[in-house]
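Protein chains: 2
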Amino acid sequence: MPFLDHLADEGVTEVVFAGAIRRPRLDPALFDPRTMQIVPRILNAMQTGDDAALREVLAVFEESGLSVRAIDQILPSLVPAEGLLVGEPSERDRQDADYAARIVAGLGPLDIGQGAIVAQGLCLAVEALPGTDAMLEFAALHRDLRPNAKGAKGVLYKAPKPAQDRRIDLPTIGPDTVRRAAAADLAGIAWEAGGVILLERERTLADARAAGLFLWARG
Amino acid sequence: MPFLDHLADEGVTEVVFAGAIRRPRLDPALFDPRTMQIVPRILNAMQTGDDAALREVLAVFEESGLSVRAIDQILPSLVPAEGLLVGEPSERDRQDADYAARIVAGLGPLDIGQGAIVAQGLCLAVEALPGTDAMLEFAALHRDLRPNAKGAKGVLYKAPKPAQDRRIDLPTIGPDTVRRAAAADLAGIAWEAGGVILLERERTLADARAAGLFLWARG
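Read top to bottom, the protein sequences are chains A and B.
Be aware that the first sequence starts at 36, since it is given in the numbering used here, and climbs by one per residue.
Be aware that the second sequence starts at 36, since it is given in the numbering used here, and climbs by one per residue.
Do not rely on the hints blindly, as some may be mistaken.
Since the list can't tell identical chains apart, any single copy or any two copies may satisfy a pair.
SDA-like mimics (lysine to any residue), calculated; alpha carbons at most 20 Å apart, straight line [what the hints assert, rightly or not]:
#1 185 with 65
#2 185 with 136
#3 185 with 175
#4 185 with 127
#5 185 with 45
#6 185 with 129
#7 185 with 130
#8 185 with 220
#9 185 with 62
#10 185 with 64
#11 185 with 125
#12 185 with 74
#13 185 with 49
#14 185 with 217
#15 185 with 80
#16 185 with 91
#17 185 with 79
#18 185 with 155
#19 185 with 207
#20 185 with 201
#21 185 with 146
#22 185 with 123
Think of the hints as simulated: they come from the structure by calculation, not from any bench.
The model shown is predicted, which means the values in this text are computed figures rather than measured ones.
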């Protein structure tokens, strides 16, 4: 809570969340008494999944008088609107992206993750707690499972969960995503237009072009 | 097709499917002309996911006059009914199994896989094309992500997809599953009672007992 007091002292009235979120290993010995009071509700929420935990985090900020803004209200250029940014998915890639999008939407109510990898109509991997990078490493490890070695290479698809608060924990794509998607031999990366943050845009686009991956903000 | 003719010649009228199923890399040069005729439908079905592909396989056998039986009609002892076989899940383990069961049921219409791993209310992994062993290896790799290192260790849950034909591709548990679940530091293995094949029952139970894992055919 000293952190929230500090924001108030500095005259901060609005906050925006950015960056990766990790579940902390909390050490109660480090809490001041006021922080200690909010620990039980955060801990409870953490045990019921991402969405609930993050809603509690937002509530804590809002209750202390701060207004939480969405990142695309502050820096709209970070969240690409519909369109092809690099390359061109094949018809088969588009089918794989469609199926992956259905999977991510279907996973939404289960509060599991924000991504899936589909190749040749088959789901190679689903994002869970370990995150997108771990999922891409998993897909790289098992890339020989595609039924047709010369067929469609597959698509990483990312989207927010249908019911999540879009002011926090938007999925993110950047140079690391491109590097790992190339290592997994994918054809490209697709995502929900308006729902995903594209980091280091120029470098990400250049890396994708160099690796022969498409980048597609799918409508 | 020569294989189906051979079964008819031998007077076989009933078949039962057992064992792991891998998507074959088909080499058209190896097909005889009659087999070639069924290749397009199998290939088409393979591209729409497991359930469709396996339904086509069953249809091919049935159209040639064979009756396809479920494994629990032949060897009911392979498919445990409800009950605890080894150990005792804690209340928290039961909650993890409940959530994992909801995930596997929810994944069903998406035709992704037949398993999930949940620890402390969080989904560590979802089964996809690479299968249960690959999912367990993934969970072992990321086992440090549990928020509370001393908390519940987590549960592997397996179940048939809600809409699948139970005469083929029932999920399977055996000594390998136990070994990998122990390597992933899980508390135990739960599955849908009546819907999962338990291989090498005595050895699997003994191994689970030795590793301190529960085995639970969940009702």
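Verification of the supplied hints:
no.: 1; hint: 185 with 65; verdict: between (55 Å within a copy, 18 Å between copies)
no.: 2; hint: 185 with 136; verdict: neither (23 Å within a copy, 36 Å between copies)
no.: 3; hint: 185 with 175; verdict: within (16 Å within a copy, 32 Å between copies)
no.: 4; hint: 185 with 127; verdict: within (13 Å within a copy, 46 Å between copies)
no.: 5; hint: 185 with 45; verdict: neither (59 Å within a copy, 39 Å between copies)
no.: 6; hint: 185 with 129; verdict: within (17 Å within a copy, 44 Å between copies)
no.: 7; hint: 185 with 130; verdict: within (17 Å within a copy, 44 Å between copies)
no.: 8; hint: 185 with 220; verdict: within (11 Å within a copy, 38 Å between copies)
no.: 9; hint: 185 with 62; verdict: between (51 Å within a copy, 13 Å between copies)
no.: 10; hint: 185 with 64; verdict: between (57 Å within a copy, 17 Å between copies)
no.: 11; hint: 185 with 125; verdict: within (14 Å within a copy, 48 Å between copies)
no.: 12; hint: 185 with 74; verdict: between (53 Å within a copy, 18 Å between copies)
no.: 13; hint: 185 with 49; verdict: neither (51 Å within a copy, 37 Å between copies)
no.: 14; hint: 185 with 217; verdict: within (16 Å within a copy, 37 Å between copies)
no.: 15; hint: 185 with 80; verdict: between (46 Å within a copy, 18 Å between copies)
no.: 16; hint: 185 with 91; verdict: neither (47 Å within a copy, 24 Å between copies)
no.: 17; hint: 185 with 79; verdict: between (48 Å within a copy, 16 Å between copies)
no.: 18; hint: 185 with 155; verdict: within (10 Å within a copy, 41 Å between copies)
no.: 19; hint: 185 with 207; verdict: neither (30 Å within a copy, 31 Å between copies)
no.: 20; hint: 185 with 201; verdict: neither (38 Å within a copy, 32 Å between copies)
no.: 21; hint: 185 with 146; verdict: neither (35 Å within a copy, 23 Å between copies)
no.: 22; hint: 185 with 123; verdict: within (18 Å within a copy, 48 Å between copies)
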